[in-house]
Amino acid sequence: MSDGGYGVSIYLAVRAIRRGNRGTLALTILIIALVVVLMNFLSMIIGGVVTLYNQQMIDYQYGHVTIEPKDKESSIAHADRLVKELQRIPGVTGVTAHVSTGTTITNTKNGKFQTKAITSFDPGDEQSVTQYQYKIIDGDYLSRGDTDQILIGTLLAGSEDESQDKMPSLGGVKVGDRIQVAYSNGVVKSYRVKGIFETEGALIDSAAFVTKTEMDSIMHTEGTATEILVRGTSADAAGPLKYTILEYGVEEKVKTWNEKGKGILGDAISSFSLLNNVMTFVSLVVASVVVFIVTFINIINRKKQIGILKAIGIRKQVIIGSYVLQVLFLCTCGVITGFLILNAISTVLTINQLRFPMGYITPVISYSGLALSIVLLFMVSVVSGYIPARQVANEEILDAMRG
Amino acid sequence: MTMIDVSCLKKIYLLGQVEVAALRGVSLSIQKGEFVGIMGPSGSGKSTLLHQLGLLDTPSGGCIMIDGTDVSQLDDEARTRFRLMHLGYVFQDYALVSELTVMENVAIPAIMQGKPLAECYVAATRVLEKVGLAKRLDHLVFELSGGEQQRVSIARALVNTPSIVFADEPCANLDTENSRTVLELFRAVNRELGQTIVMVSHEPWHTEYFDRIIFIRDGVMDEERIQREGKDHAGPIPGCIPD
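So the protein lines, in turn, are chains A and B. Under our numbering, the letters of the first sequence match residues 1 to 403, in that order. Under our numbering, the letters of the second sequence match residues 1 to 243, in that order.
Treat the hints with caution; some may be incorrect.
[Stated by the list, open to error] Computed footprint of chain A on chain B; a stretch qualifies when at least three of its residues, placed anywhere within it, have a C-beta under 8 angstroms from a C-beta of chain A:
id: 1; stretch: 69 to 81
id: 2; stretch: 104 to 113
[Stated by the list, open to error] Keeping only pairs whose Cα atoms sit at most 30 angstroms apart, straight-line, the calculated DSS-like set for lysine-lysine is:
id: 3; chain 1: A; residue 1: LYS166; chain 2: B; residue 2: LYS135
id: 4; chain 1: A; residue 1: LYS303; chain 2: B; residue 2: LYS32
id: 5; chain 1: A; residue 1: LYS304; chain 2: B; residue 2: LYS115
id: 6; chain 1: B; residue 1: LYS10; chain 2: A; residue 2: LYS303
id: 7; chain 1: A; residue 1: LYS304; chain 2: B; residue 2: LYS135
id: 8; chain 1: A; residue 1: LYS84; chain 2: B; residue 2: LYS115
Honestly, the hints are just simulated from the structure, not real lab data. These numbers come from a predicted model, not from an experiment. Yeah, the Cβ is synthetic: ideal placement off N, Cα and C, and Gly gets one too.
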């Protein structure tokens with residue numbers, strides 16, 4: 001280009017921004033910023049829920065990798081041997097075998113009962129995989145030799161005042177109280193509550209545990225397991241760890257925490273994601289309409305000016321360019337402001353956490369999602385700025401100059 | 001040397017279904033260095049003629065040659081470039097860009113030509129000094145009086161040393177004193193720089209500044225009046241019969 005070209009676009013855009021209406025400028029930036037927040041807020045909360053849920057799955061339910069009985073089998077035979085083999089696999093930091101069985105647990109003080117699966121573990125092994133030992137709010141964690149003691153979750157323990165309970169409970173069991181467990185084989189045994197744990201997760205805090213030794217003595221499950229949990233070095237390494245375990249010849253079903261957990265929260269997350277996409281779409285429409293209206297009003301107010309610029313020899317592409325640049329500036333400022341607001345909200349919600357059924361969540365900003373929303377916002381804004389600018393710049397000079 | 005040569009220039013507007021002929025076959029020529037006034041009653045077509053000559057509008061027929069270029073054949077892009085490189089404009093309502101300072105308003109056509117910014121500002125300052133606004137360089141246009149704004153407009157028209165300056169009733173919004181200042185300025189530029197100026201006016205007292213007057217009436221040249229006033233040197237081109 002032999003003339004001043006797009007340098008003139010920049011020249012005009014800079015001066016229009018510097019000397020234009022500050023109030024309109026600030027309002028437009030604020031609207032774009034709020035659009036950025038709207039587009040990312042829900043996904044930030046979903047991100048927090050998913051992160052918390054994933055962490056809880058790993059820390060309390062599945063470890064990094066879970067080994068389950070083969071198809072058509074209800075338990076893993078020779079579990080003791082398998083546990084020892086697994087412990088020798090590189091990358092494995094902990095292994096614990098669980099045996100679960102259906103029971104009816106009754107609070108002998110008030111007669112309230114709940115039908116629950118009780119899980120048994122070796123307390124030493126368990127500590128290398130799960131985190132229950134850190135979540136004891138009253139009493140103590142189980143020890144290897146415990147035979148008449150039980151560990152229960154705070155939601156199962158419940159409260160004497162039923163209205164305080166979030167789930168059906170035993171109606172206020174405390175450490176030292178005795179509860180009766182009726183096993184599926186007809187054995188009924190009384191246990192002293194040794195400890196109560198609270199992880200904040202609804203599914204987790206309604207569980208009950210006894211030692212492997214105790215379960216074996218009641219259900220004769222020596223050497224077997226209904227599942228084996230394996231802990232690796234990190235959540236991201238669960239996939240490779242699964243294949244390493246398979247390469248070692250494990251014939252049982254081997255699943256990562258992600259594969260195990262997909263079904264439970266997957267549907268909810270899909271629904272959340274759908275809502276999020278709808279919200280993103282609506283936000284984009286709002287942003288495009290706002291930018292279109294702002295640019296359109298701006299351009300209509302300057303229609304005469306555009307006519308003048310064309311009359312004195314400024315090419316219409318240069319004029320359109322100056323308006324597109326103004327829109328890009330507004331968009332950039334809006335995105336930066338929106339990003340700051342989003343981070344501020346995230347900080348506030350990290351300090352004052354939101355309570356969800358699975359616990360308190362810390363918002364997680366998805367930077368890939370944020371980048372995508374920013375790209376979409378820029379695209380929509382540029383188009384919304386370009387269309388009215390082109391429309392007016394294409395008018396005849398004299399028509400434009402008449403305003 | 002002929003600067004503008006027009007033959008059989010026609011402009012027809014469509015008002016709904018009705019055709020209105022604003023120019024009905026105007027032929028004229030303007031010499032380099034002339035200060036020509038276009039005069040006539042309201043609605044006679046004088047501004048329409050100026051708009052066609054200044055490439056601000058597209059004629060319905062006829063031919064316009066400017067400095068040897070047949071501008072009637074130029075496409076929109078080339079007309080824009082021609083306006084930038086060869087023509088300057090002064091409008092009745094000053095037509096300045098409100099977000100630019102005095103100097104920026106004047107410099108913008110030079111910047112568009114691709115000259116270095118510093119050079120454009122030097123040129124703008126020089127021409128603003130010439131129109132007596134050297135102390136107003138950094139002012140925004142709304143801080144100036146009407147007369148000053150029109151002088152900025154003149155400076156902008158002159159900054160690229162155009163072949164022709166077109167002025168469409170530049171004194172219409174000014175009082176007599178400011179009008180005289182503007183006309184004196186045009187006269188000085190015309191005399192000192194040999195600048196060709198074509199100006200539309202309806203004020204009889206402006207005629208004293210013009211070298212020559214082209215009277216327009218009902219979209220054609222008013223030959224009778226031109227003969228009577230005795231100022232025109234160019235008659236209709238043979239072969240073109242006005243509608």
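Hint check results:
Note: the stretch 69 to 81 of chain B has 3 residues with beta-carbon separation from chain A under 8 angstroms; the three-residue rule is met and the coverage holds. Chain A is given as covering the stretch 104 to 113 of chain B, and this holds because 6 residues of the stretch bring a CB closer than 8 angstroms to a CB of that chain, at least three being needed. Simply put, LYS166 of chain A and LYS135 of chain B have alpha-carbon atoms about 79 angstroms apart, too far for the 30 angstroms limit, and the pair is violated. Restraint check: the Cα-Cα separation between LYS303 of chain A and LYS32 of chain B comes to about 34 angstroms, which exceeds 30 angstroms; the hinted pair is violated.
Between LYS304 of chain A and LYS115 of chain B, the direct Cα distance comes to roughly 26 angstroms. Compliance with the 30 angstroms bound is thereby established for this hinted pair. Among the hinted pairs, LYS10 of chain B with LYS303 of chain A is consistent with the structure: their alpha-carbon atoms are about 28 angstroms apart, no more than 30 angstroms. Note on LYS304 of chain A and LYS135 of chain B: the hinted pairing holds, with a Cα-Cα distance of about 28 angstroms set against a maximum of 30 angstroms. Of the supplied pair hints, the one linking LYS84 of chain A and LYS115 of chain B is violated, its CA atoms being roughly 82 angstroms apart against a limit of 30 angstroms.
In summary, the numbered hints that this structure violates are 3, 4, 8.
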